[in-house]
Structure formats: C-alpha cells, structure tokens
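From first to last, the protein sequence lines stand for chains G and F.
Those letters in the first sequence? Residues 829 to 1102, per the numbering used here, in order.
Those letters in the second sequence? Residues 18 to 422, per the numbering used here, in order.
It should be emphasised that the hints constitute simulated quantities derived from the structure, not laboratory data.
Incorrect hints may appear among the rest.
Derived CB-CB ranges, DEER-like [as the list claims (entries may be wrong)]:
| hint | chain 1 | residue 1 | chain 2 | residue 2 | range |
| --- | --- | --- | --- | --- | --- |
| 1 | F | SER285 | G | PRO1022 | 44 to 54 angstroms |
| 2 | G | ALA1053 | F | VAL67 | 18 to 28 angstroms |
| 3 | F | ASP174 | G | GLY994 | 39 to 49 angstroms |
| 4 | F | ARG20 | G | HIS1058 | 47 to 57 angstroms |
| 5 | F | ILE104 | G | ALA905 | 46 to 56 angstroms |
| 6 | F | ASP154 | G | GLY994 | 54 to 64 angstroms |
| 7 | F | ALA286 | G | ALA905 | 30 to 40 angstroms |
| 8 | G | ALA1053 | F | ARG74 | 16 to 26 angstroms |
| 9 | F | GLU416 | G | PRO951 | 36 to 46 angstroms |
| 10 | F | ASN267 | G | GLY861 | 48 to 58 angstroms |
| 11 | G | GLU1002 | F | GLY139 | 49 to 59 angstroms |
| 12 | F | GLY139 | G | ALA992 | 53 to 63 angstroms |
| 13 | F | ARG342 | G | GLY861 | 28 to 38 angstroms |
| 14 | G | HIS1058 | F | VAL67 | 47 to 57 angstroms |
Straight-line alpha carbon distances no greater than 30 angstroms define the calculated BS3-like cross-link-like pairs of lysine-lysine that follow [claimed, not checked]:
| hint | chain 1 | residue 1 | chain 2 | residue 2 |
| --- | --- | --- | --- | --- |
| 15 | G | LYS995 | G | LYS1066 |
| 16 | F | LYS101 | F | LYS237 |
| 17 | G | LYS995 | G | LYS845 |
| 18 | G | LYS1066 | G | LYS1054 |
| 19 | G | LYS1025 | G | LYS965 |
| 20 | F | LYS192 | F | LYS140 |
| 21 | G | LYS965 | G | LYS1066 |
| 22 | F | LYS237 | G | LYS1025 |
| 23 | F | LYS237 | G | LYS965 |
| 24 | G | LYS965 | G | LYS1028 |
| 25 | G | LYS1028 | G | LYS845 |
| 26 | G | LYS1025 | G | LYS845 |
| 27 | G | LYS1028 | F | LYS192 |
| 28 | F | LYS140 | F | LYS101 |
| 29 | G | LYS1028 | F | LYS237 |
| 30 | F | LYS237 | G | LYS845 |
| 31 | F | LYS140 | G | LYS1028 |
The beta carbon of each residue, even a glycine, is placed where N, CA and C say it ideally should be.
Here is how the chains run, residue by residue.
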Amino acid sequence: MRIAVLLSAGRHPVSGKPTLPRTEAQAIRMAAGLGAATGLHVGPDAFPAEAALGHGLDYAAHIACAAGSDPVGPLAARIVSDAPDIVLAGRRGQGGDETGLVPYAVAARLGVPIVPDAVAMRPATDGLVEIDQALPKGVLRRLVVRTPVVVTVHPAAPPPLPFAFGKARRGSIERIAAAPTDLAAGAPPPEERPYRKRPKMMRAAGGSAADRLKAVTGEATAGGAKVLDHQTPEDAAKEVLAFLRRVGVLAPASAAGPGRRPAASEDASRHATS
Amino acid sequence: MTRLRRDPRTERAAARTSGAERPRYDLALKAAPSRRPRRDPRAEAAAQRVPAAARLRLDRSQFGAATVVATHVPERQTDKASPKPIIVENPDFLVLVVPDMAGGRLGEHDRQLFGAARELAGKTGATLALVGASSADLGPAGADRVAVVARDPDAYDPDARAAEVVAAMRALDPKHVLFPESADGGDLARRVSVLTGEPLFTEAEQVSASALGRPARCRKVEQRSVPTRLISVAADSVASYSGAPREARNEQVDLASGPAKTAGAIVSATRIPADPATVPLALADFVVSAGNGVTDLDMFRQVVAALGATPGASRVLCDAGLMPRAAQVGASGTVLGASCYFALGIAGAPQHLQGVADCEHIVAVNTDLHAAMIARAGLGIIQDAQLVMPAILEELERERRETGT
Ligand SMILES: Cc1cc2nc3c(=O)[nH]c(=O)nc-3n(C[C@H](O)[C@H](O)[C@H](O)COP(=O)(O)OP(=O)(O)OC[C@H]3O[C@@H](n4cnc5c(N)ncnc54)[C@H](O)[C@@H]3O)c2cc1C
Ligand SMILES: Nc1ncnc2c1ncn2[C@@H]1O[C@H](COP(=O)(O)O)[C@@H](O)[C@H]1O
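Given these sequences and hints, build the entire structure.
Dropping the structure here:
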C-alpha cells in the first residue's frame, strides 16, 4: 500500500518557532505501519519536509511556491501523478488559519472520499482499508473504506515517534518548483486583531453568590429527587439497578430475562423429547 | 404599608416654571412619583423568617422576596403562565441550522447553535432547523421552522447528509447556514463548503448580526469578518437562546435538487463502545465513585467491574493513596462528562460537586440523610455502602443465575 502524508508548516503554540504539527507526526507513525510512505509539502520553506524525515519518513517532496498561495492545486496535481492509495493529513493546521479545509479541498479536487478523525488503520482485503474513527466520549466508529481515500488524523491517535537526527540526515528530499499560481485566489484575508480571552460561559448567571455556586455544582438543575430511607440493602440494590437500567447505562438483565423464561423452558422440553 | 420613593430631582424639574430668565420654581405643584420601588426591610425580614424555628432564624436565600414593588410596575405573571410562542409569519430571510442531535436529542452545543442562529436572524428573520427527527425541544430552543428529513438515524453516510444540506440550501436560499463545530458537525460543514465552493467561517467564537470572530495562529490573533453564509460555531462560546419559545412550524422542503449521489465508498460502519476499564475518566459515560464512607475497596472494584463502569473517587481516598490520583473527581481532579454518576459514601463537598455538575443522572448511597450528595441525586439511598455493595453483587449474580439456566 502506498501512502502520501501531507505536511504543513506549523508554529509552536508558545515559542512560535517552526514545528511539524503533532497530528502530522502521528500520521507519519500511522503510515509506517501500513506501507511505503512519502511526505508532501507545498510552501516557501522546506522545513516541514526535513522535520518529517526525522520523525520516520525516508523520502519527502517539497514543492516550492510563494508564501500565501493556495496549496490545494499543487498538492492535488502531485497526488494525481503519484496515485497513492491513502492520503494522510492532519485534522487542523497549527499556527496558520487552522480551518482544516485543505484535506477536504484536496479530496474534492481528486474526487475521492474523505474520512475524518482516524486513530488507527489496518489494511483489509484487496482495495479496502479498515479505519477506526474517534467519536466523543471515547467511542470508536470502525469503517471499512474503499481506497483511494483521504484520511485526517485525530490527536487521540498513537503518539508520534521521537525526532531522530540521524534519520533526518539519511532521508532524501526532492525539491520541485511549482507552476506559479495566482496569489489572491480565495476570499480576501480577514481582519485580524490580537486575541482577547473572554470569560467562559456559565450555565446560568445567578444573582447571588449562592445561586452561582448552585449553577457551578449543578444543584440548580437537580430536582425531583427520590430519597429512600429505612430500606434493606437488598431492596436498595434492586432500586439502584432498576434506576441504572432506566437511565440506560446498564444493560438489561439479559436477553433471556424474566420475559423470555417460557422460551427457555420450551427449549428444555424440546431437549427432553428429542 | 407602601410608600413611594421620592425623587427630589424630578420634583424640582417638574416644579420649574418656564419663561423666566432665572430658574424659578412653583413649589405648590406636585411631581410624578418615581418609578423605583421602595424597599421595606421589615416585610423582607418577615418573609425570610423560618417558620418552625424556636429562635428567630432568617433564610437569607429568600433575598428580595418581599421587596415592595411599586403598584404601577406592570406584573408579568400573566404571560409567564401561558407562554405564547413567537411567530414570524413572513420572514425577510432564513437562517438554516443543522444541529447534530446525537441520539435524537438536542445537546448543549445544539442549543448554543440555535442561540447563535437567533442572534443572526434578529426580529425579521426566521431560523429553520434541518433535523432527522422532530423534537418538542426545538421550539423552546429557538427554532421558528422545522424541516424533517427522512433518514436512517444509525447509518453513517456523511456525503448523503452534505448533499441534503446543499439541496436544502438550493431550495430555501438561506442567508446563513450554521453547523456545530463538533466531530460530525464540523465534518459536515467542511463537506458542504467544498461542495458549494463557498468559504466556511470555522469555529466562530463570537457571533452577532454585524460580525463573526474566531481564534487563529494558536490563539494569538482573532480573525473577524462580516457574517458569511457558511458558519461553524465553537462549543461553549455563544449563549443559548433564552427568550420565549418559538413556533417550530413544520415545513416541507423539496430535497430533489441536490447534487447527484455518488456510489458510497464506505463499505461498512460499526460503532464500538468505549471500554470502561481503560477510557479516561473525563470521557467515561458511567462513573461509579467511592468516598470516605467506603472502607472495602476490593469490594468496590468488584462492583465497578460488575456494573461495567469507570472507577472514580473523592479526594479523601486519593490523598490517602487508596485510589490513584487520576481517579479523583472534582474541582482539583477531573470534571466529568458522564451521563450517569453513582456515588458511594460521598458527602458531596462543593469541590466534589463541581466535578459532576454536568452529570444528568446521579445515584447516591450515604448513611447521612442530610448529605449534599443526597440532595443533588436523582435517587438517594440512606443505607450503609458496605452493605449495599455486596447486595448489588448478589443481585447481579442472582440475575445471571436465573437467566443462565
Ligand atoms: C481547594 C480544595 C480542592 C478540593 N478538590 C476536591 C476535588 O477535586 N474532589 C474531591 O472529591 N474533593 C475535593 N476537596 C475536598 C472536599 O472539600 C471534601 O473534603 C471531600 O470531597 C470529602 O470527601 P468524602 O465525601 O469522600 O469524605 P467525607 O466528607 O468524610 O464524607 C464521607 C461521607 O460518607 C458517609 N458515610 C460514612 N460511612 C458510610 C457508610 N458506611 N455508608 C455510606 N455512607 C457513609 C458520611 O455520611 C459522609 O457523608 C477539595 C478541597 C479543597 C480545600
Ligand atoms: N501547504 C501545505 N502543504 C501540505 N499539506 C498541507 C498544507 N497546508 C495544509 N496541509 C494539510 O492539511 C491539514 C489541515 O490544514 P489546514 O486546512 O490549514 O488547517 C494539515 O494538517 C496538513 O496535513
């Protein structure tokens, strides 16, 4: 299986120094478990391609183009000529506009499907790949998808391999000059101002301090409490289990619960007659 | 006795006679009374008095209960009793809202999305919710119109959903389309953006009719723009709609004009529930937690495993080294996102309750009827946790025996 990893020019959130975004380093690790991977970066600076070699790639292509130009066209052109089975990208960029639109635009340009938020991938039978997608609350969605496919990587994927200097020296970078594209292709750049942190939204802005405490501990929404006093532990246990089942966090007693008991006895009688 | 509050300035202004060069006042004239209500401390104290107490006790949380309201302040109780839905008959424009509605219910993020949509719609526009199944919550959440699209709630076909939204956009020509910036909502927004070729304003943190704002460059700058057509709204940054309920009128939308359906590349999709034993506490859906009232922790771990839950603990147990620090629930531990919380022998200190503020269902077992945890719980059981835990194991074992044979 052949894989292309899209590498963007990230910035460290604190120091502002150029770094490879973490999700893209995770994508490199994920690609290493699948087959031969190459890196692909479009931009004025070769740094992301060099960093990717240190994180585990043997080979990366750097398509040089002017700062601020749209990377989608050159990326799509290169991917069409390489024809990889899987294109891996980060979920969002880091240090730029951070819109996460580039992988979607590339997929649309190539006319291939896109699967977001992968945390694991395994090759399945011919032309298929199994992808585990991260959903909220630790739930996974396991998809079987036909290749070629564009996949974005979720931060919950396995951590990236550490940067190895020797590996970065041994790998090779191919430098390509992109056909010049018109700079102001998209919408005009939005107005920017320094970021101002705003207070977190509160559930309910109460009047008094007691109200605000109730809002923050959830007492304001609590209500309709059922309190059971003077019960034997056995009855209490039954009540608790019934409540948990009603809420839906505990599986029902069993598929063959009290309601299915006749079926079980029917089974037994059949065994007895045969 | 109610006396109206005097406002000397208005009295003087009213008594001023016009026409004179110097200010002159006709003090025989009476000024209109001020509209500010005068407080009556005696009546307030009487209302705060706790009835059955031997000594004088005042319940200060009843603040302002007996504040005397001037008679001419209109009472709003009549429209509270029967809230009439607000109807926008002929809207100037539509704001299309595409909520996630995981499990067919409106989540907190979805409500905030409607808050943003109402902000953009203002008085003359209408919000239209594009949902898979209608819900009674949509009107109070701020939906003027509801369009129900028949679709299989369990199927995963994001391309089909994007095509649906594009078709609705072609049929209705909305001024704005709003998506939640969640796992599935953010994905859908980007798909619609590339399908229509229109720019998407992602992760908007400020939404108003005049401007949108979003963080960029690792939250170093804030990008602002006039409201674009496609917007995805970040979680917990826009207030949900709090006005009177909206009409939520059903509307038929013709979705035939959508883009042509392509052959699905997704061969199969299965949901794999999180493993409760390994999922991080913050992500767990069902947490069973032990406090200082639990002495037999081996038994506690058995109960947690038998219920298929994630273990938690109060700070007392973590400080004592009886439970790992990662299991601590509360302000200085983990704030839970669980839907159900089962507290065994926990008093419910405010620092602990902060960690379970978002939990919808709470069960508490405590020997103390007056524990704060019991007051917070949906089901409170006054019993010794050491006796209830083996009883739960016994009950589950009995069920297994009965169904096993
Ligand atoms: C800055 C700060 C931060 C804090 N952060 C946290 C935090 O993040 N998380 C946290 O949990 N705490 C936190 N605390 C501590 C918190 O204030 C309480 O001290 C703590 O939560 C109490 O834990 P507990 O309810 O288990 O113990 P206790 O207060 O000792 O309560 C034990 C409860 O168990 C009941 N009980 C006793 N025996 C039995 C029995 N046999 N069966 C059933 N019930 C029984 C008792 O009636 C009592 O209600 C913080 C405190 C501070 C000052
Ligand atoms: N100039 C680029 N060259 C290669 N890949 C890119 C480039 N810009 C973005 N990407 C990929 O697209 C993902 C999302 O980026 P963005 O849309 O900028 O948030 C990144 O994590 C990269 O994998």
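Comparing the hints with the structure gives:
no., hint, in the structure
1, SER285(F) with PRO1022(G): 44 to 54 angstroms, "holds (48 angstroms)"
2, ALA1053(G) with VAL67(F): 18 to 28 angstroms, "holds (21 angstroms)"
3, ASP174(F) with GLY994(G): 39 to 49 angstroms, "holds (46 angstroms)"
4, ARG20(F) with HIS1058(G): 47 to 57 angstroms, "holds (53 angstroms)"
5, ILE104(F) with ALA905(G): 46 to 56 angstroms, "holds (54 angstroms)"
6, ASP154(F) with GLY994(G): 54 to 64 angstroms, "holds (59 angstroms)"
7, ALA286(F) with ALA905(G): 30 to 40 angstroms, "holds (32 angstroms)"
8, ALA1053(G) with ARG74(F): 16 to 26 angstroms, "holds (24 angstroms)"
9, GLU416(F) with PRO951(G): 36 to 46 angstroms, "holds (42 angstroms)"
10, ASN267(F) with GLY861(G): 48 to 58 angstroms, "holds (50 angstroms)"
11, GLU1002(G) with GLY139(F): 49 to 59 angstroms, "holds (54 angstroms)"
12, GLY139(F) with ALA992(G): 53 to 63 angstroms, "holds (57 angstroms)"
13, ARG342(F) with GLY861(G): 28 to 38 angstroms, "holds (33 angstroms)"
14, HIS1058(G) with VAL67(F): 47 to 57 angstroms, "violated (27 angstroms)"
15, LYS995(G) with LYS1066(G), "violated (61 angstroms)"
16, LYS101(F) with LYS237(F), "violated (45 angstroms)"
17, LYS995(G) with LYS845(G), "holds (21 angstroms)"
18, LYS1066(G) with LYS1054(G), "holds (15 angstroms)"
19, LYS1025(G) with LYS965(G), "holds (27 angstroms)"
20, LYS192(F) with LYS140(F), "holds (14 angstroms)"
21, LYS965(G) with LYS1066(G), "holds (28 angstroms)"
22, LYS237(F) with LYS1025(G), "holds (10 angstroms)"
23, LYS237(F) with LYS965(G), "holds (29 angstroms)"
24, LYS965(G) with LYS1028(G), "holds (22 angstroms)"
25, LYS1028(G) with LYS845(G), "holds (29 angstroms)"
26, LYS1025(G) with LYS845(G), "holds (22 angstroms)"
27, LYS1028(G) with LYS192(F), "holds (29 angstroms)"
28, LYS140(F) with LYS101(F), "holds (16 angstroms)"
29, LYS1028(G) with LYS237(F), "holds (18 angstroms)"
30, LYS237(F) with LYS845(G), "holds (14 angstroms)"
31, LYS140(F) with LYS1028(G), "holds (27 angstroms)"
Comparing the model with each numbered hint stated earlier shows that hints 14, 15 and 16 do not hold.
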